[in-house]
Amino acid sequence: MKYTIRIDNAPPDEARIKQHMDFDKVYGQYKAAPKLGTWQRMRNKPARMAMIATIFAVGVLLFDAVAEEGRAGKAYQNAKHALQSQPAKPHSQAAPALGSPQATVFYRTLAQAPSTVWVELFAKVGEKRVAYTLPQSISLTVDGAMGTQALSVHRFDSLHSVWEELGKTSVKAISPSEMLPKKPTLETFISASPMPVVALQTAPFALDVSYEYFPELDAYDQVHWEQLTGEPFTALQKQGWDDLALRDLEDGTYQITFERGKTRAAIIARPLKGSQAYRDALAQQRKESPKSAEDRIAHAEGVRVRYEAALAEWERKAASARKAPPLYRHTFQAPTLGLYKVQ
Amino acid sequence: MHVNPEDTPPEMPSTIPITASAFHRTETQIGEEWSLIQAAQRDARRFGPLYEQYYRQLFLFVYKRVGDEDDAADVTAQVFVKALQNLNRYEDKGLPFASWLYRIALNEVNQFFRNNAKRSLTISTDSGSAIQLVAEIAEAQDECADEQQLQRMYAAMQRLAPDEVQLIQMRYFDKIPFKEVADILGISENNAKVRAFRLLQKLKKYMTP
Numbered sequence: 001m002k003y004t005i006r007i008d009n010a011p012p013d014e015a016r017i018k019q020h021m022d023f024d025k026v027y028g029q030y031k032a033a034p035k036l037g038t039w040q041r042m043r044n045k046p047a048r049m050a051m052i053a054t055i056f057a058v059g060v061l062l063f064d065a066v067a068e069e070g071r072a073g074k075a076y077q078n079a080k081h082a083l084q085s086q087p088a089k090p091h092s093q094a095a096p097a098l099g100s101p102q103a104t105v106f107y108r109t110l111a112q113a114p115s116t117v118w119v120e121l122f123a124k125v126g127e128k129r130v131a132y133t134l135p136q137s138i139s140l141t142v143d144g145a146m147g148t149q150a151l152s153v154h155r156f157d158s159l160h161s162v163w164e165e166l167g168k169t170s171v172k173a174i175s176p177s178e179m180l181p182k183k184p185t186l187e188t189f190i191s192a193s194p195m196p197v198v199a200l201q202t203a204p205f206a207l208d209v210s211y212e213y214f215p216e217l218d219a220y221d222q223v224h225w226e227q228l229t230g231e232p233f234t235a236l237q238k239q240g241w242d243d244l245a246l247r248d249l250e251d252g253t254y255q256i257t258f259e260r261g262k263t264r265a266a267i268i269a270r271p272l273k274g275s276q277a278y279r280d281a282l283a284q285q286r287k288e289s290p291k292s293a294e295d296r297i298a299h300a301e302g303v304r305v306r307y308e309a310a311l312a313e314w315e316r317k318a319a320s321a322r323k324a325p326p327l328y329r330h331t332f333q334a335p336t337l338g339l340y341k342v343q
Numbered sequence: 001m002h003v004n005p006e007d008t009p010p011e012m013p014s015t016i017p018i019t020a021s022a023f024h025r026t027e028t029q030i031g032e033e034w035s036l037i038q039a040a041q042r043d044a045r046r047f048g049p050l051y052e053q054y055y056r057q058l059f060l061f062v063y064k065r066v067g068d069e070d071d072a073a074d075v076t077a078q079v080f081v082k083a084l085q086n087l088n089r090y091e092d093k094g095l096p097f098a099s100w101l102y103r104i105a106l107n108e109v110n111q112f113f114r115n116n117a118k119r120s121l122t123i124s125t126d127s128g129s130a131i132q133l134v135a136e137i138a139e140a141q142d143e144c145a146d147e148q149q150l151q152r153m154y155a156a157m158q159r160l161a162p163d164e165v166q167l168i169q170m171r172y173f174d175k176i177p178f179k180e181v182a183d184i185l186g187i188s189e190n191n192a193k194v195r196a197f198r199l200l201q202k203l204k205k206y207m208t209p
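Chains A and B supply the protein sequences, listed in that same order.
The numbering used here applies: residue 1 is where the first sequence begins, and numbers increase by one.
The numbering used here applies: residue 1 is where the second sequence begins, and numbers increase by one.
No wet-lab data here; the hints were simulated from the structure.
Straight-line C-alpha distance at most 16 Å; calculated EDC-like pairs for lysine to aspartate or glutamate:
1. A:25 to B:74
2. A:273 to A:251
3. A:182 to A:313
4. A:31 to B:43
Which residues of chain B face chain A? A partial, calculated answer using Cβ under 7 Å:
5. 59
6. 60
7. 122
8. 126
9. 154
Every residue, glycine too, gets a C-beta built ideally from N, C-alpha and C.
Given only the sequences and the hints, what does the whole structure look like? Please build it.
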């Protein structure tokens, strides 16, 4: 039988019941019984314990959300502050969308805490910030002593003012030496600073021709020419010509035409009659030429000084980098413009 | 064969009604009781008057379920120890002190059977209450039942769960009002009524040959 059923069973009478009454004994048991601790009382009431645990968990989540919101607000304040001081860099991967204005995507590190970095990605057309939809995710990197573990990447959802987790970064350890710019060389400096082109006049030249048809020239034992217009004589001379024609322009200048087959080239030149005129013209040419040479020397000296300064700076950074601990490059994909938090 | 209530023995066994004085109290009595409780909350030694006031009721409540006088005395003592341990958490927020004590008693009875797995819960009633229950199950106008029906009902009760038996015992054999049954079980009065109705339906089904 599962239950014992008693019908019309007489209970103990009053006297017998009173025999069992002993408040002192009950009080003694009460005093002797170990006091229930809070934890024990909680264990006896699992439903209440579950409710308290739930309330606590919700409280923690709410507190975290509120604190997170506060931190987000602070991040934006930092961002505004950082905007004043940190120039943004155009991002090479962000190509403008077809048909859109030529928006340029910029990125910048807004604030950096020991374990958190905020990065902002935004677009500008000219000087104006614009909304812009990235045609594809672009890769952003954060360098620093952020640890070897992959970090969480959060994007700030400005619509709901919450941080949305996107995923984890990929990590690569890199030596500070690897992050140094390429060691400067003199060649790179020279190629980066080309010599200024000095348009020197062609030096007075002589023509191996007979001036018998030009008595005013034939009278002189040697005639040199000072070129006034056209392709430089030295260049024309290299091309080789079959014939040349001289025509008096009757203004003290002559047109000299070079011919080879059907190809012709013409310059205008002034005859330097007599050795004095030649010497004068040559002196004038040299007067210009040494000045250009000095410019070249000064330019080369400037290049050398800048190169040596850059090399010294590089050596200093390299020596420092060799002593520095390795850095960790964290890379993540940013699908949209906005504020990102890596922690 | 139907049994007329008048045919039942004139000398009803002295099953003591335990509810009347426990639950039906005047405002003055409630106020006085609250003063005693507050005094006991300040000093446990002043729990004595409440102990004396409720001992007999609780003893019988327990005795009806454990079926043994000494066990009932032990369990009842434990009920008062628990009451003393938790007295500071009792607040007069609509739950009568008696109901609070009965709730503790019910828990201690259940604990007694958990600790004594070979013992079985006792269902104690008098013939009159049993006949009334059969009549209620049958939805009969007259409170009458034959021995066969009574036996069927006792057999049907064997198929109920312990908490269902406790509700039947409290409401139909101990005659505790629904409001107080609800307070003891920690449920609403309507819920207690619904549960009781369903239990009657269940018993009726089990009693159908």
